[in-house]
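Kindly generate the complete structure, drawing on both the sequences and the hints.
Protein chains in written order, with this note's numbering: chain A, 1 to 378; chain B, 1 to 429.
Treat the hints loosely; a few may be bogus.
What the hints assert, rightly or not - Label pairs and their calculated CB-CB ranges: (1) B:Pro-65 to A:Glu-66: 36 to 42 angstroms; (2) B:Pro-63 to A:Ala-63: 33 to 39 angstroms; (3) A:Gly-325 to B:Gly-189: 29 to 35 angstroms; (4) A:Lys-313 to B:Ala-193: 42 to 48 angstroms; (5) B:Arg-35 to A:Pro-153: 45 to 51 angstroms; (6) A:Arg-369 to B:Pro-63: 43 to 49 angstroms.
Said to hold, decoys possible - Straight-line alpha carbon distances no greater than 20 angstroms define the calculated EDC-like cross-link-like pairs of lysine to aspartate or glutamate that follow: (7) B:Lys-358 to A:Asp-332; (8) A:Lys-194 to B:Glu-20; (9) B:Lys-358 to A:Asp-230; (10) B:Lys-358 to A:Asp-182.
What the hints assert, rightly or not - Among the chain B residues that face chain A by a calculated CB cut under 10 angstroms, a handful are: (11) Glu-172; (12) Glu-180; (13) Thr-261; (14) Ala-273; (15) Trp-362; (16) Met-368; (17) Asn-376.
Read the hints as simulated data drawn from the structure, not as lab findings. If you're wondering where the values come from, they're calculated on a predicted model, not measured in any experiment. Glycine included, each C-beta is placed from N, C-alpha and C at the ideal position.
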Amino acid sequence: MMKFSRRSTLLGLTAVAAGPMSLALAAAPGDKRFVVVILRGAMDGMAAVVPHGDPGFAALRGAPPEGLLDLGGFYGLHPALAGLHELYKSGELLPVHAVAGPYRVRSHFEAQDFLESGADHRMTSGWLNRTVAAIGGQALAVGVSVPLLLRGPSQVANWAPHGMAEPAPDLYSAIAALNQGDRVIGPAIAAGLKERGFSARALMGQTEETNRNAFPALATSAGAMLAAPDGPRIAAMELGGWDTHTAQATRLTGPLKQLDAGMVALKTALGPAWKQTAVLVMTEFGRTARLNGTGGTDHGTAGVAFVLGGAVKGGRVLADWPGIGAGKLFEDRDLAPTTDLRAVAKGLLTAHLGLGAGALEQVFPGSARISAAEGLVG
Amino acid sequence: MDTRSIHALVRFGLGRRGDEPLPTDPNAWLLGQLRASDPPRIEPVPTAASGLAALRDDRANKPEPGKSKARGLFVAQAAGELGHALTTAAPFRERLVWFWTNHFTVSLRRGECTGVACAFIEEAIRPHVTGRFSDMLLAVMRHPAMLLYLDNARSVGPNSPAAQNGKRGLNENLARECLELHTVSPAAGYTQADVTALARILTGWSIELQNEPPGFVFRPRAHEPGEQRFMGKTVPPGEEGGIAALQFLANHPATHRFLATKLVRHFVADDPASADISRIEAALRDTKGDLGAAATALVGLESAWQPGTKLRTPREFVIAAIRALDPPEDRRPITLGLLGALGEPFMSAPAPNGWPAKAADWAAPEAMIRRIDWANGFAGRLGARDPVEIADIALGPLLRAATLDAMRRAGSRRDAFTLMLTSAEFQRR
Chain A
1 MMKFSRRSTL LGLTAVAAGP MSLALAAAPG DKRFVVVILR GAMDGMAAVV
51 PHGDPGFAAL RGAPPEGLLD LGGFYGLHPA LAGLHELYKS GELLPVHAVA
101 GPYRVRSHFE AQDFLESGAD HRMTSGWLNR TVAAIGGQAL AVGVSVPLLL
151 RGPSQVANWA PHGMAEPAPD LYSAIAALNQ GDRVIGPAIA AGLKERGFSA
201 RALMGQTEET NRNAFPALAT SAGAMLAAPD GPRIAAMELG GWDTHTAQAT
251 RLTGPLKQLD AGMVALKTAL GPAWKQTAVL VMTEFGRTAR LNGTGGTDHG
301 TAGVAFVLGG AVKGGRVLAD WPGIGAGKLF EDRDLAPTTD LRAVAKGLLT
351 AHLGLGAGAL EQVFPGSARI SAAEGLVG
Chain B
1 MDTRSIHALV RFGLGRRGDE PLPTDPNAWL LGQLRASDPP RIEPVPTAAS
51 GLAALRDDRA NKPEPGKSKA RGLFVAQAAG ELGHALTTAA PFRERLVWFW
101 TNHFTVSLRR GECTGVACAF IEEAIRPHVT GRFSDMLLAV MRHPAMLLYL
151 DNARSVGPNS PAAQNGKRGL NENLARECLE LHTVSPAAGY TQADVTALAR
201 ILTGWSIELQ NEPPGFVFRP RAHEPGEQRF MGKTVPPGEE GGIAALQFLA
251 NHPATHRFLA TKLVRHFVAD DPASADISRI EAALRDTKGD LGAAATALVG
301 LESAWQPGTK LRTPREFVIA AIRALDPPED RRPITLGLLG ALGEPFMSAP
351 APNGWPAKAA DWAAPEAMIR RIDWANGFAG RLGARDPVEI ADIALGPLLR
401 AATLDAMRRA GSRRDAFTLM LTSAEFQRR
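As structure tokens, this is what we get:
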């Protein structure tokens, strides 16, 4: 029977927890910064942006939580989102309510694929990758996996922090040459080597203490790279922990705080470039309007997206509010969708990144009837 | 050396261990593993009872993060599982254990599962990998790890006595994933009403920490009273109703199709041929879900003997590398942290659909560079052995002339071993 080194096994455990996030980047022409944050697991929109002014609210959720942060009377922001509330007050946060993607499924995995595909069916590429391709940029993924959002025609290069000893450059070259004929391994090694060079330089000078809180640290890295004069212009991050089937009041606070601190960290790291930044925070679907039997919520339909950044015209809530009283819920269980998430994304891609109207059809195929939301930035 | 002999170890097993003898009849060697019982394992074998007792103690004592009893159990048991993979003489069985464990994912992302995660492998999966799927499904759905992971332990029928205080009610998480991920899949066309009905049927399937030993209990007071209409059938109330519903799902044609697709995708090709899927599907249908028959049918697929179509996952890669170079016990560098750094932390998949099966999901550029870095570090620990000889033993006819040439021209033994381990023919299976 074999033995394991106690020391190495214990040391190793510290790395196991570093899983639920990733960062992907892309180069693009111009000075505008665009960041997409995917909240995997389905954030409960009615808990993040609480519609306590609706007369139907109490029957579904009871009394609104204490300490809500006011968003103009009808809505209140969850108390864990104090940083976002500051952005709201300075006109840099635009919550979008009763929003949903173009699909009506309640499976996380299907819905995330559709959300990232930008369509009501699964595609082999993501809408952000197609955007990058259309505006002449190049995608760059950070972390050990590339999200579907950034897979596609714009070839993805990749980088992540690591703690392993590196072999000499000529051994890397020999390995790359030996395996270049493998259609999967060959391009991956070539891209990985290329990107380590660039990204390591861009991150120099950062301190380790930023790693105490993982998502804010990731956001700081993203912000530092986006702020660099020759750095990438587009980033995609993801944060998990939103699938609150039980004890939601307790479980939701942690992810919300991470999100809040992450967005504040992103703004700080971007510095002056924040003025040219728009961020879209989105999730695969909302959750049931009623609490379930275990103090949680199950998979639903419409929810909340956040648009934020120095370039954003915020300080208001964007919603065609469908109501949540008797007879108004979708399938008598979920907040009804009244805004298509693609309208929000299109509004940002056209007005902020200058994506042409013709390219929109490639980025969001089959969505001609969904017009871009106007006045999100500027 | 016969290509089929080494391929049998690579495709269906965990790679050749050192210079272990190659099977003269690869088919017989594989099928023999399906007939034999499991080889002896590290003692003590993990149990749900000990894991739940640890969870109970942790809840009472509230230890600091990382110092819980459940964590200690998991670390020791995970070392046992990984160590078993390094040395087992029945690697096809072990791969089946890994496959089914991933099919029925439980994850440490839900902290309560920590102490029972390895027990889940040993109690719900391993005894059934060549048995009936319906038996495995039942063992999984009654296992404390799954009941905790997908919240069923706390689910209460809305009209049950336990719900009358208004504090608790239905949770449909387990029911939904059972349909979507474990059995019929969305192809069966079930509805939200079926999800809710199955959730009600499974109310009362719970755990009791205060029992000695702690474990599964059926709670009649939490069970939803009355019959349920579920996928066109009427299911009676009671624990028996849940067992009947799971039997129905286990033997559903859509389940056979779904399992067949996943098996062929895992073992044979990222994009399986429909004729291959149909062969496995037929084996499951004709034997009422005999997983040993399905595994036998996999071995019988002609396409399964086409080398190198699949990319090893990080865990498969590390285990195969250590088996190939077969260092002494104290120099086998497998740790939980390593698997995390390479992107596949042990028993910690991000979501209930488990780890992905396709090469593209594992071939992110940084992930590939990390494999190189790890291989180079590992190769640096090996003594004065002949890399070319070892590459020939490990890969035989699969070894490309170009790799052999690059190894011969390498500046050091370490570099030569790194070239071997990172070569496409070693990273594929």
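In rising order, the numbers of the hints this structure does not comply with: 1, 6, 7, 8, 9, 13, 14
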